[in-house]
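Numbering (our numbering), first residue to last: 97 to 211.
Where hints are given, some of them may not hold.
Stated by the list, open to error - Across the chosen pairs, the derived CB separations fall in these ranges:
hint, residue 1, residue 2, range
1, S133, D198, 15 to 21 Å
2, K112, K197, 32 to 38 Å
3, H169, S133, 16 to 22 Å
4, D201, S158, 46 to 52 Å
5, L114, G168, 39 to 45 Å
6, N199, L114, 40 to 46 Å
7, N171, D201, 25 to 31 Å
Said to hold, decoys possible - Each computed DSS-like pair below joins lysine-lysine, with the alpha-carbon atoms no more than 27 Å apart:
hint, residue 1, residue 2
8, K112, K165
9, K154, K112
10, K139, K154
11, K203, K140
12, K172, K203
13, K203, K182
14, K139, K161
15, K165, K203
16, K172, K197
17, K188, K172
18, K203, K139
19, K112, K188
20, K161, K203
21, K182, K112
No wet-lab data here; the hints were simulated from the structure. Small disclaimer: the values here were computed from a predicted structure and weren't measured. Positions of the beta carbon are idealized from the N, C-alpha and C atoms, including for glycine.
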Amino acid sequence: MLSRISHKKEEIILYKSLTLTTIYVGGPGGYPVDAISTNEPNKKQIARLIHDVADQFKIEGSLSKGEYKDLGHGNKAYEYLYGETKMLIIIKRLPIIEFEKDNDDHKLIELNPYL
97 MLSRISHKKE EIILYKSLTL TTIYVGGPGG YPVDAISTNE PNKKQIARLI
147 HDVADQFKIE GSLSKGEYKD LGHGNKAYEY LYGETKMLII IKRLPIIEFE
197 KDNDDHKLIE LNPYL
């Protein structure tokens, strides 16, 4: 999620949350590979990420069509097979939180990616 603030000719974009994409190599309980971004990946980007991870793990085969699951609260899951290896992809939108250095408090923040 993002907010836009305009100041004359300049527009500042503030992010209130980020998207965490985790690929579990081997399916649920498998080895997790995390990626974080400012927006949700599309299906082609997910497929490319799976291919990259499969290359890193030296997994041979091809990618089969994924099965979508709605996890609620905007979170999603996809199950794929790459060759004979299960790949579980979990996509979560997470708030950006700043933990105070001098006390036990924390607060939700908005992140300006241009600072």
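Evaluation of the provided hints:
1. Hint check: S133 to D198, Cβ distance near 31 Å, so the stated range 15 to 21 Å is violated.
2. The supplied range of 32 to 38 Å is broken by K112 and K197, whose beta-carbon atoms lie about 22 Å from each other.
3. For the pair H169 and S133, the supplied restraint of 16 to 22 Å holds, since their beta-carbon distance comes to about 18 Å.
4. At roughly 50 Å, the beta carbons of D201 and S158 sit within the given window of 46 to 52 Å.
5. In this structure the hint that L114 and G168 lie 39 to 45 Å apart at CB is violated, the actual value being about 19 Å.
6. Taking 40 to 46 Å as the suggested C-beta distance range, the pair N199 and L114 does not conform, at roughly 24 Å.
7. For the hinted restraint 25 to 31 Å between N171 and D201, the CB-CB distance of approximately 27 Å keeps it satisfied.
8. Only pairs whose Cα atoms come within 27 Å are accepted, and K112 paired with K165 is accepted, the gap being roughly 25 Å.
9. Taking the CA atoms of K154 and K112, the gap is about 36 Å. The hint is violated against a cut of 27 Å.
10. Taken as a hint, the K139 and K154 pair is honoured in the structure, with Cα atoms around 22 Å apart against an allowance of 27 Å.
11. Straight-line distance between C-alpha atoms of K203 and K140 comes to about 35 Å, which puts the hinted pair past the 27 Å bound.
12. This hinted pair checks out: K172 and K203 have alpha carbons roughly 26 Å apart, not beyond 27 Å.
13. Between K203 and K182, the direct Cα distance comes to roughly 38 Å. Violation of the 27 Å bound is thereby established for this hinted pair.
14. Proposed proximity of K139 and K161 is supported: the alpha carbons are some 10 Å apart, at most 27 Å.
15. Restraint check for K165 and K203: the C-alpha separation of about 31 Å exceeds 27 Å, so the hint is violated.
16. For the hint pairing K172 with K197, the CA-to-CA distance comes to about 33 Å; that exceeds 27 Å, so the pair is violated.
17. For the proposed pair K188 and K172, the alpha carbon gap of about 7 Å is at most 27 Å, so the pair holds.
18. At most 27 Å may separate the alpha-carbon atoms for a hinted pair to count; K203 and K139 exceed this at roughly 33 Å.
19. Of the pairs offered as hints, the one joining K112 and K188 holds, with about 14 Å between alpha carbons and a cut-off of 27 Å not exceeded.
20. Annotation: proposed proximity of K161 to K203 is violated, straight-line Cα distance about 40 Å (limit 27 Å).
21. Restraint check for K182 and K112: not satisfied, since their Cα atoms lie roughly 32 Å apart, outside the 27 Å limit.
The structure does not agree with the numbered hints 1, 2, 5, 6, 9, 11, 13, 15, 16, 18, 20 and 21 stated previously, though it agrees with the rest.
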